[in-house]
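Colleague: Protein chains in written order, with the working numbering: chain A, 1 to 113; chain B, 1 to 113.
None of these hints come from the bench; they were simulated from the model.
Among the clues, some could well be false.
Claimed, not checked - Below, computed lysine-lysine pairings styled on BS3-like, alpha-carbon distance capped at 27 Å: (1) Lys57(B) x Lys49(A); (2) Lys58(A) x Lys69(A); (3) Lys69(A) x Lys49(A); (4) Lys13(B) x Lys57(B); (5) Lys57(B) x Lys100(A); (6) Lys112(A) x Lys58(A).
Unchecked claim - The following residues of chain B were derived to be distant from chain A, with all beta-carbon distances above 12 Å: (7) Thr14; (8) Glu52; (9) Arg63.
Here the structure is a predicted model, which means the values were calculated and not measured.
Think of the CB as a built atom: it goes at the ideal place given N, C-alpha and C, for glycine as much as any other residue.
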Amino acid sequence: AQSVTQLDSQVPVFEEAPVELRCNYSSSVSVYLFWYVQYPNQGLQLLLKYLSGSTLVKGINGFEAEFNKSQTSFHLRKPSVHISDTAEYFCAVSGPGGFKTIFGAGTRLFVKA
Amino acid sequence: KAGVTQTPRYLIKTRGQQVTLSCSPISGHRSVSWYQQTPGQGLQFLFEYFSETQRNKGNFPGRFSGRQFSNSRSEMNVSTLELGDSALYLCASSLGDSFYEQYFGPGTRLTVT
């Protein structure tokens, strides 16, 4: 069975500081990995995805993530955050052949001025 | 291209009633998934429909059901509502291939009193 663990429920950070949101997954088969962002009162928006190939994936809004197969991790990073990045971030895993998408519990990023 | 739309956006029902939520996917998308989002349980997968057939199902009681029409629009129904069904219900559409990159609607906020 697949599962996703987001290691931090809340991450407070000052504006223009770097941030890393941690995600670990478990799966017995090949997976596809995703990060989504949810702003208040909105649905989820895809930030980036890892399907195959380069382990460093770049997404929208200056975010990037690195797939580490040996550590089964897919941490999300941004070198300099803005107030507007305040939102909830979800790591997700899915696989081929009909696997459903499993979401982590979410990490609430709070950017302070 | 228009995004995923969900109607209604807000709904208040009383215990014991039933409710139907609607989701219109992005044009050309054949897969529609439904999720329940609550503060305590996070994002939980309800079910996924592809070409009018339920392809995947989460661990929800039979009171939760859905269907998909030939134009890919989907509805989900909850019968005999309970207080615990109060949640944000999110619909997501995708092309339906093995990548399962999903595009989310804004959600329907259901309050059961």
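Colleague: Tell me the hint numbers this structure goes against, listed in increasing order.
Modeller: Hints that this structure does not satisfy do not exist here, as all of them hold.
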